[in-house]
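Chains as they are written, first to last, in this note's numbering: chain A, 1 to 811; chain B, 1 to 110.
Calculated directly from the structure, the hints in this document are not laboratory data. Just so we're clear, the structure is a prediction, and the values are computed from it rather than from any experiment. Treat the hints with caution; some may be incorrect.
[Claimed, not checked] Heads up, simulated DSBU-like pairs for lysine-lysine below, C-alpha to C-alpha not over 30 Å straight-line:
1) A/Lys560 x A/Lys660
2) A/Lys560 x B/Lys48
3) B/Lys22 x A/Lys793
Given next are the chains, with one letter for each unit.
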Amino acid sequence: MKKKLVLIGNGMAGVRTLEELLKIAPEMYDITVFGAEPYGNYNRIMLSPVLAGEKTVDDIMLNDEQWYSDNGITLYKGKSVTEIDRVNRKVVAEDGTTADYDRLLLATGSNPFMIPVPGKDKDGVIAFRDIHDVDTMLQASKDYKKAVVIGGGLLGLEAANGLMKQGMEVTVVHLLDSLMERQLDKPASALLKASLEERGMSFLMEAATAEIIGNGHVQGVRFKDGSEVEADLVVMGVGIVPNAELAKSAGLHCERGIVVNDVMQTFDPAIYAVGECAQHRGIAYGLVAPLFEQGKVAANQLASLGYAHYQGSVTSTKLKVTGIDLFSAGDFNESGDDEVMVLQDPASGTYKKLVINDNRIKGAVLYGDTIDGTWYFQLMREDTSIADFRKTILFGQHDLGDAGHGDETRVMALSDDAEICGCNGVCKGDIVNAISRHGLFTLDDVRAHTKASSSCGSCTGLVEALLASTVGEGYDASPNRQALCKCTEYSHDEVIASIKKHELKSMPAVREFLEWKTPDGCAACRPALNYYLLARWPEEYQDDAQSRFINERAHGNIQKDGTYSVVPRMFGGLVKPDELRTIADVCDKYEVPEMKVTGGQRIDLFGVKKEDLPPLWKDLTDAGFVSGHAYGKAMRTVKTCAGKTWCRFGTQNSTGLGVKLEELTWGSWMPHKFKLAVSGCPRNCAEATIKDFGVVCVDSGYELHIGGNGGIKVRVTDLLTKVDTEEQVLEYCGAFTQMYREEAHYLERTAPWVERVGLTSIKERLLDDEAERKALYERFKISQKVAQVDPWKARAGGAEQHEFTPLQIAG
Amino acid sequence: MTNWTEIAKLEDIPRLGSRVLKTDTMNIALFRTASDEVFAIRDECPHKGGPLSQGIVHGTSVTCPLHNWKIDLASGEALVPDEGCTNTFVTKIEDGRVFLALSAPEEVAA
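Can you make the complete structure from the sequences, with help from the hints?
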C-alpha cells in the first residue's frame with residue numbers, strides 16, 4: 001500500500017516540492033493538499049504585474065485543478081488546517097475534514113506584518129499578499145483616489161507602483177531615510193526615489209506611523225510628529241513574518257519560523273517544512289529561488305533517496321517595476337577591509353557598485369544598467385577570482401551575447417519578434433510566452449521548452465536576462481554547483497576528481513561509484529565520461545564507440561541530409577600536387593557533389609554517403625593522408641602563413657613550425673575542438689591570436705598565445721610567454737594542451753576555461769614550475785602514442801564495419 | 001497477417017547501438033538496448049527528419065544527432081516537452097535472431 005503524504009499550504013514552495021517528488025518517485029505516495037486560498041497554485045511573485053494591470057490572474061496560474069487530478073492528488077482548497085495530531089499522525093481542517101499522514105510537509109508560507117498601531121483594523125487597511133488583496137486594491141482604485149503605502153521596501157514599492165498604474169495618487173511612507181535599504185546603498189536608493197518621483201509617486205521619508213485615523217473607513221495616517229496625510233486606502237507593505245502558528249500549536253520547535261535541518265526536516269522526523277515558513281540555519285527566506293532549492297532537497301528526502309542537502313542560498317533581488325532596472329545581491333555595504341568599485345553616470349541614470357574582498361565579489365548593486373547582474377551574481381556565488389579582469393569588470397561582461405548582437409543586450413527593450421537564439425530561430429516573444437505559459441523558472445526549463453540557448457549557447461546570457469526580467473526574483477539562477485547532467489548530482493569537477501582519486505577506469509565503474517540515477521547515462525554524460533576516462537587513463541581505457549557522438553563514431557561530419565563530409569589532414573596547410581590529384585580523383589570516383597576550402601586551410605568534401613566512407617578513406621590513406629579530425633572534439637588544424645621562406649616580412653619558418661606542431665598534436669581528443677596557428681611575423685596573417693594555441697613569430701623568438709576563439713564569442717588570446725626556440729614552443733604547447741585536456745570540462749573551449757581558472761594560475765603552473773610543465777608535456781606524449789593511430793586507415797581496413805554497412809533482409 | 005522477416009543476428013547490432021535496414025520505401029533503424037531488447041522505428045526524427053539510427057542510445061530512448069530530440073524507442077514518440085512521433089515496427093528475438101514484422105510493402109510505406 002502506498003504511503004500517505006499530506007501537504008499543508010498550496011503555494012509555490014509546497015507544490016514545487018510535489019512536482020520534484022513526482023518526477024523522481026511518481027508512485028510512492030497518496031498525496032493530499034490543503035490550501036487556505038480558493039485557487040490552484042499561482043505564482044505569487046507575479047501579483048505585482050497583476051496589480052499594475054500588466055497580467056491577469058489566469059496568466060499567473062502555475063497549476064490548475066486539472067494538474068491535481070492528473071496526478072491523482074486530492075486537493076482541499078479553501079480549507080485551513082487547524083490542528084496537527086502528531087500522535088495519531090493526522091491533520092484536521094476547520095470544517096472537520098481530516099487526513100492521515102505518514103509524512104507531512106508544511107509549506108504554510110508567511111503572513112504580512114501589520115504594524116501594531118491603533119486603527120490597523122479599519123476598513124480600507126490591507127496587506128499585499130494574495131489574490132484577495134489584489135482584488136481589494138483594484139476595487140479601491142475604482143472607488144477612491146488617495147492611497148498610502150506604508151513601507152518603502154520591495155513589497156511596498158511594487159504595491160505603490162501598481163496602485164499608481166491604476167490611477168491612484170500614491171504616497172509611500174518609509175520609516176528610514178532611504179528606500180529599499182536592505183537591497184540598495186544610498187546612491188542607488190536616491191536614483192530609485194528620483195525616478196519614482198518623476199513618475200508621480202510621493203514619499204514621506206523618516207516617517208513613523210502612529211495611528212490610522214477615520215471613522216470605520218480609513219481617512220488618513222497620523223505620524224509620531226503629529227503630522228497627517230489623507231488616505232482612502234492604506235496598504236501595509238512593510239514585510240512578512242513566517243507563518244509558524246500551526247507548527248507551534250503542534251509543539252514543533254519554532255523560532256521566527258519552523259526550525260528545519262539541512263534535509264528540511266523539523267524536530268518531528270515525519271514532518272518536513274519548506275518555503276517562507278521554514279527557518280534554516282537561522283534564516284527564513286522570502287524570495288522564491290531558495291524555496292525551489294529547498295523543495296528539491298525535501299523531495300529527494302521524501303523519495304527516500306536521501307543524498308540531497310540544503311546548504312542555504314545566496315540571493316539576489318530585482319524590482320518588478322516596468323522601466324526601472326535594479327539589481328542587488330550579497331553584502332553591498334562595505335565593511336572592514338572591503339574594497340569598493342563604483343561606476344556612476346548621473347546623466348544616463350546608471351550606477352554600478354561592486355564590493356570586493358581579496359579579488360572576490362561580495363556584493364553588487366546595479367541601477368539603470370542591470371544586464372551584467374546575472375554575471376556578477378555568478379562570479380559571486382562561484383567565488384571566482386576577478387584578478388584577471390578587475391580593470392574592466394565594471395564595464396560588464398563585454399562578450400555577453402556577442403554573436404552579432406552588439407549592443408542589443410538590453411533584452412527587455414527588444415521587440416517580441418527579435419531573434420534571441422540564432423541557432424534555433426527562437427524569438428523573444430516565444431521565450432517570454434513559454435516562461436509565462438509553462439511557469440518556467442530555470443535556464444534548463446527554457447532550453448527544454450523553446451530550444452533557445454540549447455545549441456551553441458552564445459545567447460545564454462540573453463535568455464537568462466529574459467528569464468530574470470520575466471519572472472523577477474523568481475528566477476532560479478543555476479545552482480552554485482552545476483550537475484554534469486540530469487543523471488547525476490555531481491559536477492564535472494567532482495567527476496574528474498573521482499576518476500583520478502578512486503582510479504575509476506570504466507564507465508560502469510564511474511556510474512556505480514557516483515550513484516548515477518540512470519543505468520546507462522544519457523547523450524550528455526556518456527560522451528563526457530568517455531572523454532574523461534580516455535584523458536585520464538590513455539593506455540588502459542577502452543574507448544566506447546557507442547558513447548561518442550555520431551561524428552566521432554563515423555569519423556566524418558554528419559550533414560543535415562544524413563551524408564557526411566570528409567576533410568583529409570594537410571599538415572600546416574601544406575599540400576603537394578600528387579595529393580591534390582588524389583583528392584580530385586577521389587571526388588570524381590565517389591561523385592562528391594561539393595568541395596570547399598575551409599577556414600583552417602583544408603579541403604572539405606561534402607555529401608559523401610556513409611557506406612562510401614571506408615573505400616573513400618582507403619584511396620586517401622593509400623596516398624598518405626590521415627584523418628583531419630574535422631568532425632571531433634579534437635585537435636583540428638594548425639593554420640600557418642607563408643613564413644620567412646617566401647614572405648619578405650617573415651621572421652621565422654612559420655610553416656615548418658606549424659607542421660611540427662601538427663605532427664605533435666594531431667589525433668588528440670580534447671574537451672572541445674582545438675585549433676592552432678603560427679604566424680611568421682606580428683602582421684599575424686594566420687590569425688594566431690584567435691586560436692586556442694597561437695604562435696606569433698618575432699625576430700627574437702616566439703610569442704605564445706592561449707585561449708583565443710574566433711567562433712561564438714570572439715576572444716583574443718592572452719599572451720602566455722615568449723620563448724627562444726622551436727623545441728620550447730613544442731614543449732609549452734604540449735604542456736598547455738595537456739593541462740586543458742586534464743582539467744577543462746567536457747565541451748568547454750579554452751577561452752571560457754582560461755577565464756574560469758584564470759590566466760594567473762595557468763601561468764604559475766606552466767611558467768614558474770618547470771617540473772610540472774615537463775610532467776604535463778610527458779603525459780601528453782604518452783597519450784599521443786595511443787591517439788596517433790589513424791582511424792580512417794583502420795576502418796578502410798575493415799574495422800567497425802557494422803557502422804558503415806546497412807543490414808540486408810536475409811534470405 | 002504478421003509477416004515475420006529475419007533481419008539480423010542479435011550480435012550484428014552493437015549494444016547501445018543501432019543498424020540501418022534499407023527498404024524500398026524508407027530506412028528502418030534497429031536499436032539494441034543495454035538489456036538486449038531490440039526496437040525498430042522509422043529512421044526519421046519527427047523534428048527535421050534526422051537519421052535517428054546515428055544517435056546515442058540510452059535506456060529505451062535515442063537522442064537524435066541533429067538537434068538532440070529524444071525519441072522513445074517503444075512508442076516512437078518524442079519525449080516531452082518535444083512533440084511528434086515516428087513509425088514503429090514490432091520485433092521479436094528467437095535463438096539470437098532478430099525478426100521484424102513487415103506487413104505488405106504498401107503498409108510499410110504508410
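A quick look at each hint next to the structure:
Taking the CA atoms of lysine 560 of chain A and lysine 660 of chain A, the gap is about 35 Å. The hint is violated against a cut of 30 Å. Using a Cα cut-off of 30 Å, the hinted pair lysine 560 of chain A and lysine 48 of chain B holds, with the two alpha carbons roughly 9 Å apart. Taken as a hint, the lysine 22 of chain B and lysine 793 of chain A pair is honoured in the structure, with Cα atoms around 27 Å apart against an allowance of 30 Å.
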